[in-house]
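As numbered in our numbering, the sequence shown has no gaps in its residue numbers, which increase by one up to the final residue, 315.
Possibly wrong hints are sitting among the right ones.
Below, in silico cross-link-like pairs of lysine-lysine (DSS-like), each with a Cα-Cα straight-line distance of 30 Å or less [unchecked claim]:
(1) Lys250 to Lys310
(2) Lys282 to Lys250
(3) Lys241 to Lys310
(4) Lys259 to Lys310
(5) Lys259 to Lys282
(6) Lys310 to Lys282
(7) Lys241 to Lys259
For each label pair, taking beta carbons as the anchor points, the in silico distance ranges come out as [unchecked claim]:
(8) Glu284 to Glu228: 51 to 61 Å
(9) Ser222 to Ile292: 39 to 49 Å
(10) Glu300 to Ala226: 34 to 44 Å
(11) Glu228 to Gly262: 50 to 60 Å
(12) Ala203 to Tyr234: 13 to 23 Å
(13) Ser231 to Ser305: 34 to 44 Å
(14) Ser239 to Ile292: 30 to 40 Å
(15) Asp275 to Gln204: 18 to 28 Å
Bear in mind the hints are in silico, worked out from the structure with no lab data behind them.
Predicted model only: the values in this text are computed from it and were never measured.
Cβ atoms here follow ideal geometry from the backbone N, Cα and C, with glycine treated the same way.
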Amino acid sequence: MAKKKKIIILSCMVALLAVTAVFNYAFTGTTKSATIQTSSANAAGYFAQYRAERLTNRNEEMLQLDSVIQAAEVGSEEYLSALSMKTDLTANTEKEMLLETLIKAYGFEDAVVVIGLDSDNVNVIAKSENLTSDDAIAIYTIIAEEASVSPENVKIIPIS
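Between the sequences and the hints, there should be enough to build the whole structure, so can you do that?
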């Protein structure tokens with residue numbers, strides 16, 4: 156019975172995530188990869204839009220995890236899994252905000268950091284007219300020190 160309940164809960168979570176993606180696409184009319192390739196006039200709008208979308212998505216994920224935690228029996232596998240995912244998501248959010256602040260403090264006008272939940276990959280989208288190798292090394296150093304990620308798992312994408 157518990158296995159069936161777990162399958163139903165996880166199926167509902169996947170369905171809600173899919174519905175969220177469809178609504179996100181319908182309301183914005185663009186994909187994130189298309190937004191990355193915008194001109195410099197839209198770069199500031201990209202960062203604001205991305206942060207708003209990230210906040211919305213994270214809030215929805217947290218609500219879904221909260222509903223799983225409330226529905227599951229304390230100590231059960233689904234309860235512990237949802238609690239672990241919620242903790243990881245919160246930790247990643249805090250790391251992303253810290254890394255963004257540090258990169259901006261280095262001198263970039265704006266930056267967005269995305270840390271993979273299921274991988275060690277870190278993507279950095281930095282507003283920069285021309286990204287020099289010294290800038291890239293500084294970003295790699297910040298990421299390596301603060302997120303304990305090796306440079307081969309870091310991808311830097313400049314936006315002008």
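Okay, the hints, checked on the actual structure:
1. A hinted pair counts as satisfied when its Cα atoms are at most 30 Å apart, and Lys250 with Lys310 qualifies at roughly 16 Å.
2. Annotation: proposed proximity of Lys282 to Lys250 holds, straight-line Cα distance about 19 Å (limit 30 Å).
3. Straight-line distance between C-alpha atoms of Lys241 and Lys310 comes to about 25 Å, which keeps the hinted pair within the 30 Å bound.
4. Annotation: proposed proximity of Lys259 to Lys310 holds, straight-line Cα distance about 17 Å (limit 30 Å).
5. A distance of roughly 9 Å separates the Cα atoms of Lys259 and Lys282; the hinted pair therefore holds under the 30 Å criterion.
6. About 14 Å separates the Cα atoms of Lys310 and Lys282, which keeps this hinted pair within 30 Å; it holds.
7. For the hint linking Lys241 to Lys259, the alpha-carbon distance of about 27 Å falls within 30 Å, and the restraint holds.
8. In this structure the supplied range 51 to 61 Å holds for Glu284 paired with Glu228, their Cβ-Cβ distance being about 55 Å.
9. A beta carbon spacing of about 44 Å between Ser222 and Ile292 agrees with the range 39 to 49 Å that was offered as a hint.
10. The hinted window of 34 to 44 Å between Glu300 and Ala226 holds, with their beta carbons roughly 40 Å apart.
11. Separated by about 51 Å at the C-beta atoms, Glu228 and Gly262 satisfy the suggested range of 50 to 60 Å.
12. Restraint check, Ala203 to Tyr234: a C-beta distance of roughly 36 Å breaks the suggested window 13 to 23 Å.
13. Checked against the hint of 34 to 44 Å, the C-beta distance between Ser231 and Ser305 comes to roughly 35 Å, which is consistent with it.
14. Hint check: Ser239 to Ile292, Cβ distance near 34 Å, so the stated range 30 to 40 Å holds.
15. Here the CB-CB span from Asp275 to Gln204 is close to 27 Å, well matched to the stated 18 to 28 Å.
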